[in-house]
Amino acid sequence: MFGYFISRLGMFIPTFLGVTLISFMFIRVLPGDPIIVMAGERGMTEERYQEMVEKLGFDKPVLRQYWDYLTGIMQGDLGESFVTKKPVWDEFFALFPATLELSICAMIFAVVLGLPAGVIAAVNRGKFFDRALMSSALVGYSMPIFWWALLLIIVFSGNLGWTPVSGRIDLLYYFPSVTGFMLIDSLLSGQAGAFQSAVRHLILPTIVLGTIPLAVIARQTRSAMLEVLGEDYIRTARAKGLSPTRINGLHALRNALIPVITVIGLSVGTLLAGAILTETIFSWPGIGKWMVDSIFRRDYPVVQGGLLMIAVIVMLVNLLVDVLYGIINPKIRRR
Amino acid sequence: MKFTMLAATAVAALTGFAAQANTLVYCSEGSPEGFDPALFTAGTTFDASSHPIYNRLLEFETGTTNVVPGLAESVEASDDGLEYTFKLRQGVKFHSNDEFTPTRDFNADDVIFSFMRQKDETHPYNQVSGGTWEYFQSMGMPDLVESIEKVDDYTVKFTLSKPEAPFVANMAMDFASILSAEYADAMMTAGTPEKLNTAPIGTGPFSFLAYQKDAVIRYANNGDYWKAPADVDNLIFAITPDASVRYQKLKAGECHIMPYPNPADIQAMKDDADINMMEQEGLNVGYLAYNTTIAPFDNPKVRKALNMAIDKNAIIDVVFQGSGQVAKNPIPPTMWGYNDAIVDDAYDPEAAKAMLEAEGVKDLKMKVWAMPVQRPYNPNARRMAELIQADYAKVGVDVEIVSYEWGEYLSRSKDLDRDGAVLLGWTGDNGDPDNFLAVLLGCDGREASNRAQWCHQPFEDLILEAKQSTDQAERTRLYEDAQVVFKDQAPWATIAHSVVYMPMSNKVQGYKVHPLGGHIFYGVSVE
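Chains as they are written, first to last, in the numbering used here: chain A, 840 to 1174; chain B, 954 to 1480.
Treat the hints loosely; a few may be bogus.
The calculated lysine-lysine pairs, modelled on DSS-like cross-linking and capped at a C-alpha distance of 25 Å, are [to be verified]: (1) A:925 with B:1072; (2) B:1180 with B:1465; (3) B:1254 with B:1367; (4) A:924 with B:1072; (5) B:1254 with B:1347; (6) B:1103 with B:1046; (7) B:1257 with B:1180; (8) B:1072 with A:894; (9) A:894 with B:1367; (10) B:1180 with A:925; (11) B:1257 with B:1347; (12) A:924 with B:1166.
Don't read these hints as lab results, they were simulated from the structure.
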């Protein structure tokens, strides 16, 4: 198992280097000069422009700029935002807990509902429940996040008044951030009602962000289960007289989980991408909106640093998924 | 059914945020870049920094572009217009925070510090927080201000390199906010000079409490304010980037005021008895600038004919969805010096066609540049370009619409030999007509902010004379004359001024829509 882990980790380093290069090049190949964008309609003199070019280091050859960026990363320095003038590292870690908290909740929502839905649909193949679930999953998968979020806000917050419209907690609660996770910080604050408020604020964003992974997981679980349910060993289990719950829940589901876990791993990327829209609509102070704003402003250090950090997180999750494969299916780690 | 009712009861018990009686919640449209106004240029940043936290030597009277005394009780200009002497207000206190308690009141040292850090490249604070001092630079202050001198603790003298009347209005701009020199020294000694930007200390009506990026900014009433204290105990900015969500929050009582509503929501807001919709013309102009150096656009009669071919009312209806008004002058009607006697070119395609033929223009092909971004003065440039394209087709002009990425657009549209007419606009900085007429149409602005590349000596003489005069009545007359010349020469088709809408709960009292675009909560109360 250890050797398997090391071999997976070894693949991490070239991927990481590739990501640094892509994140560095990505923003530079887009048209648009950050200095001119910063100046806007107001513009600036040629002399002032040259001063800014020197100040931001754009007068150096691109390879030198990349080298500076790479050496900065090695020293834990992702540079400073052109806009806020603050270290990218500080901004990322101030915002990331909000994205992580929302993504974890969305993933739990998707897995907790998606797995049983997929299993039940597979077991009831072709019946009404199966068709209803799979049609709903298709709708969920196809639904534009923006529209879905606004619909939920208008119905549940605007018309029914059941949930807050946006934000992470009611504004009347005010306490310092300890962990950055509102659920934990609200508990630590000891303020009555703070935790409930944080939970309430999570409901709609969680549903919105979790809808697509929920649909994907449900469909994937169903198809994996159907494949497994046709295997000989399931027929044998049935012949042995095992209860359907035991067959489906233990024998079939465990073997159906490999492709499902792959999907869950890949969904992390989807969640982070979905967070961009979800965070914007629900005024959720996470990294999604921060990245989009930075791309429009051509804030090179933020885009480079943010992309790199997101890529590293996705890589780490996929490393974890690889390790999980090994745990679930011993044949894989022996290959 | 039973479950639904139970769930509804439970959720309703949990919800129901109500802003406390003495708290004003503003659903702002974005996050500030920081809290030191001199470092930045965005209106969103100024709303969160210079307006609640700081004061300036002179201030714009809220709701007007009039310049009134601020931290300076008076200002006196020398006869040659080169020296401005400010008499400072006494007994003004700075805020305090966990790391700083002021030991003295505001004085001349704070004024010198606030400007010299922007002007003097050797100043210890010049490079702090990546200081580029964009506004100070773009208003030409480094060259204009020759020296700043402390005459005594409560008198400061600015010496200029040339007479320039708009200097007075510049001193009321956000970049001219006054910071505490004592706080700056303390933070430099502590090794945390960037705290000037992240933990601001000012003299304004609200003191800064806390900021959570992209989420919320909190302020407390400054009980020691040198004017009457603000009417609310707490001011909260709930950062809400999406306009539809801001509207829902306003309806749900989660905020009291919101800026920048969706045009499509405006009518519903007006119809809502719980919402008070305030409106005012914005201090901006959207225009189509011809390249006046290239034939046939170097002929004022051709430009005039093309202007007459544009149906501006249709643009207001379609592009602004009613939230705009037709522009006839290059400055907005809320600005002093606006010449209301000018009559706009009538929309008359037949006459326009005849004028073009009379000038020998037939089968003209031209480009119209459409901005790739939304601005208050042009919410949908592509659509506007399409309408102009259709209008021009009626007079026999074939238009090709082009667009570029925003940075490229700004850069290429400055070229002297640019092919085509450019859609662009401007939002005023200081309420002075010079800020529109000289910046956008002066000869010095060619290949820069003068997108028409227009240099017309009679116009230039008028705006230069107005710039140097300190007599307001004289300046008004000169600018009115300049607008007559502009209309006659038609370097632009002036399209529209936006209308600024501010929906708010009808519990809010005392709010004034500020023509300079800022959102100011001093003097605002909540029932």
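Which numbered hints are broken by the structure, listed smallest first? When the structure is compared with the hints, numbers 7 and 10 turn out to be violated.
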